[in-house]
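*Asks:* For the sequence shown, position 15 (counting from the first letter as 1) is numbered 14 according to numbering that gives the first Met the number 0, and the numbering increases by one without interruption.
Be a bit skeptical, because a hint or two may be false.
Restricting the straight-line Cα-Cα distance to at most 25 angstroms, the calculated cross-link-like pairs of lysine-lysine (DSS-like) are [unchecked claim]: (1) Lys40 / Lys72; (2) Lys72 / Lys34; (3) Lys45 / Lys34; (4) Lys72 / Lys45.
Between beta-carbon pairs, the in silico distance windows are [what the hints assert, rightly or not]: (5) Gln63 / Tyr7: 25 to 31 angstroms; (6) Asn29 / Asn60: 17 to 23 angstroms; (7) Glu50 / Pro12: 23 to 29 angstroms.
Calculated directly from the structure, the hints in this document are not laboratory data.
Don't be surprised by glycine CBs; every beta carbon is placed ideally from N, CA and C.
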Amino acid sequence: MAANSNLYINNLPDGLDDNSFRSLFEGHGNIVSSKLFPANKYGFVKFSTVEEAQTVCESYNGQQLGDSVIQVKFANPPGEGKGGGGGGGGGG
Numbered sequence: 000m001a002a003n004s005n006l007y008i009n010n011l012p013d014g015l016d017d018n019s020f021r022s023l024f025e026g027h028g029n030i031v032s033s034k035l036f037p038a039n040k041y042g043f044v045k046f047s048t049v050e051e052a053q054t055v056c057e058s059y060n061g062q063q064l065g066d067s068v069i070q071v072k073f074a075n076p077p078g079e080g081k082g083g084g085g086g087g088g089g090g091g
């Protein structure tokens, strides 16, 4: 199970604003924060517990919303997934 309670929701339909985006998920747990990026059709919703986020992820992933089939998954924590660079070799 994921170690965080922040969900990434992608492929959102046109016409959502911050309030309508948040209201989609309000009945499924205590929302700590939400952020919508309508131009890019994605957003984040952070729940107070991992269990709440897991329930929403399982319930909403692949569901039809307007003209779109949305994708819901756990968001990567900040800094995760970024590769580190290798050190350079010394000349001699």
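*Asks:* Each hint should be assessed against the structure and marked as holding or not.
*Replies:* Hint check:
1. Lys40 / Lys72: Within the cut-off at roughly 15 angstroms; holds.
2. Lys72 / Lys34: 15 angstroms, holds
3. Lys45 / Lys34: 9 angstroms, holds
4. Lys72 / Lys45: At roughly 12 angstroms apart (the allowed maximum being 25 angstroms), Lys45 and Lys72 satisfy the hint.
5. Gln63 / Tyr7: 25 to 31 angstroms: This hint is violated: roughly 18 angstroms between Cβ atoms.
6. Asn29 / Asn60: 17 to 23 angstroms: 20 angstroms, holds
7. Glu50 / Pro12: 23 to 29 angstroms: 27 angstroms, holds
When the structure is compared with the earlier hints, a violation turns up for hint 5 alone.
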